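Chains as they are written, first to last, in my numbering: chain A, 13 to 281; chain B, 134 to 542.
Simulated from the structure, these hints should not be mistaken for laboratory data.
Please note that a few of the clues may not be correct.
[To be verified] Which chain B residues face chain A? A few, computed with CB under 7 Å, are given here:
no. : residue
1   : I210
2   : A232
3   : L480
4   : L482
Keep in mind it's a predicted model, so treat the numbers as computed, not measured.
We treat Cβ as the ideally placed atom computed from N, Cα and C, and that holds for glycine.
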Amino acid sequence: MSTVVLNPLRIVSDVWRHRYLLGQLIRRDVLLRYRGAMFGVLWIFLSPLLMLAIFAFIFGQVFQARWPQQDSGLPFWLLLYSGLITFNIFAETVSRAPASVRGYPSFVKKIIFPVNILPVVPLGAALVHAAFNFLILVAALAWAGGIHGQLLLFPLLVLPVLLLALGFSWFVAAWGVFIKDMTQILPMFVQMLMFLSPVFYPMSAVPAVLRPAYQYNPLGIAIEASRAIVTGQAINWGPWAIAFAFSLTMSILGYAFFQHSREEFADAL
Amino acid sequence: MHSDVAISVKNLSKTYRIFGHPGDRIKQALSFGRMRFHREFTALKGVSFEIRKGETVGIIGRNGSGKSTLLQLMCGILKPTSGSVQTNGRVSALLELGAGFNPEFTGRENVYFQGAVMGLKRSEIDARFDEIVGLADIGEFIDQPVRIYSSGMFVRLAFAVAVNVDPDVLIVDEALAVGDMEFQERSISRMKSLQSAGTTILLVTHAMPAVRNFCQRAIWLDNGTVVQSGEASQVCAAYQERINQDVRRQNQARGNPPTAPQEDGSAPRPGRNKIITIAKTEVETEHLHVGASLALRFLLRFSELQPAPAEFGLGVQIHNEQGRLVAIFNTIRDNVFLSGETQDISLCLPSIGFIPGRYWVSANVCDREAMFAYDEFEQCSSFEVLQEFNRKGIPRWEGEVACAHTWRW
């Protein structure tokens with residue numbers, strides 16, 4: 013257990029071995045959030061739609077924001093939404109990660125449990141929500157008359173975000189066990205990141221000096237790419253590959269860090 | 134490791150690092166061992182033993198002797214500071230019943246979840262589901278959220294899941310002390326069937342009879358080290374003897390006058406200067422049969438500085454080996470009020486109706502309303518009611534009480 017695991021295949025097999033348990037955990041996580049609520053699982057649709065309505069009003073109507081790609085004839089809110097879906101996968105996972113292990117002390121201390129899959133749970137839940145969001149997007153596109161085959165590439169395009177979120181999640185979950193403040197810091201950090209990432213504006217609107225920071229940011233690349241997919245533009249695979257490589261490294265390091273520090277969890281909780 | 138060894142523990146030690154402030158942990162990590170921001174507490178030092186497959190082993194020792202730490206290390210929940218633990222096969226642990234249960238979900242959902250935690254596939258849980266529900270005996274509640282369960286139902290369900298996953302090694306920590314008698318019996322018989330099926334069982338408990346009757350071997354831990362390991366009844370007897378010794382020593386220590394003035398003439402420490410102290414207790418016969426008479430004698434000492442209360446009472450509690458309170462006596466309850474002159478008082482029980490086993494006597498001196506205690510003396514003495522056997526070797530006394538009786542036909 014004390015050896016550092018850097019082999020990505022080993023990580024995949026570690027998680028895959030517990031796939032049924034992981035599935036149960038994610039199911040519990042998603043259902044528990046809506047259980048007992050009056051609208052129940054309907055919130056999976058309602059909350060993104062409400063968010064979208066607010067963002068569309070503020071940035072589309074109040075600020076009169078425009079995309080360069082808007083020649084495609086798609087309304088502003090649709091382009092905003094496509095980027096937001098991608099960002100939310102990261103945001104939801106990372107802001108909930110600090111509590112993913114800390115919130116279950118009995119799993120760490122009282123039963124024999126594969127703790128390493130706990131930080132995967134927020135990602136799983138985020139992906140469930142992303143899938144519903146994607147369905148809304150497809151439906152909206154069909155209504156706007158912009159549906160096309162390239163949309164099928166969406167899951168592939170968000171892969172770097174997924175890996176990045178997972179890597180962060182493992183890091184942050186381990187820190188969260190030792191430092192309670194993480195549960196306060198992370199949501200703030202994510203909020204900040206939302207405005208710093210090209211969610212509400214295209215990368216081309218960023219001043220040239222800062223642009224490299226955006227071009228090599230895997231989150232930014234994936235958000236731009238998911239917008240390109242919706243408008244039917246060609247996808248820039250070069251940056252995507254960089255983002256993928258960076259995110260993969262991040263997830264491997266995150267896992268290694270988590271496995272290294274988990275031995276102390278039982279003592280700290 | 135040989136293939137017939139289920140658990141091999143080699144030179145195992147565990148030291149906890151205790152941090153005073155959460156930030157100290159970070160400082161410690163950043164200082165790379167050059168500075169110390171913590172205290173250390175060694176719970177286990179140099180423990181080694183092997184448990185063969187199919188063996189049933191009891192782990193005994195007083196509170197704080199390192200039993201729970203040892204179990205957690207064997208489960209792999211804690212990481213050893215030094216030494217190693219190797220286990221063979223699937224380990225199922227009952228460290229805390231229902232620890233992984235989520236109160237919001239139904240019993241059924243929790244069963245499937247617990248099964249998944251233990252590494253079972255959906256189909257495997259499906260196959261065991263009826264047996265689990267049968268053992269737990271909770272009927273239609275299986276489809277109700279666990280939060281509305283009574284504590285008994287909760288425990289039964291958790292136990293039923295843990296023993297139905299076909300563990301190779303079952304680790305049980307004091308879990309059977311809960312639940313009603315019927316369930317205890319059922320869980321014991323279930324564990325016996327696991328035992329005969331070749332499951333290795335580790336039992337941590339304070340109940341000596343359970344260890345004597347159920348385990349082949351016992352390991353006695355004290356202060357983080359193995360005191361004795363071997364045949365269950367021998368280890369239990371040695372452990373029992375040590376406890377009795379300690380009680381006697383404590384008794385003697387009480388007998389010394391604690392209120393003697395210091396050499397320099399200063400007053401004795403106020404904390405030890407109680408108005409009334411139970412100085413000594415005596416049991417007339419330490420080993421007796423059911424129906425025999427028992428007298429418990431208490432010697433009281435009064436403070437020289439303060440006058441004794443006009444009226445006071447003496448209370449006696451008797452606990453069985455499992456720590457259950459079986460009888461309470463108090464002079465006040467019997468309308469007997471003691472006064473300052475009484476120094477020697479005995480509680481006489483003409484015919485003991487307790488089931489065979491060891492009993493612990495605790496005593497206190499209280500005010501006349503029995504509201505507060507002037508002095509409390511826990512486990513001040515003990516006695517043992519002896520079991521008798523018929524010609525075929527069947528124990529004569531079992532159940533909750535042993536009544537004097539005759540047969541007529």
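Interface hint outcome for B/L482 [beta carbon to chain A under 7 Å]
Status violated, d = 43 Å.
Let me know if the C-beta of B/A232 comes in closer than 7 Å to any C-beta of chain A, holds or violated.
holds, 4 Å
Restraint: B/L480 near chain A, CB-CB cut 7 Å. Satisfied or not?
Nearest chain A Cβ about 43 Å off; hint violated.
Hint check, B/I210 versus chain A [nearest Cβ-Cβ separation less than 7 Å]
holds, 6 Å
Hint compliance for this structure: hints 3, 4 are not met, and every other hint is.
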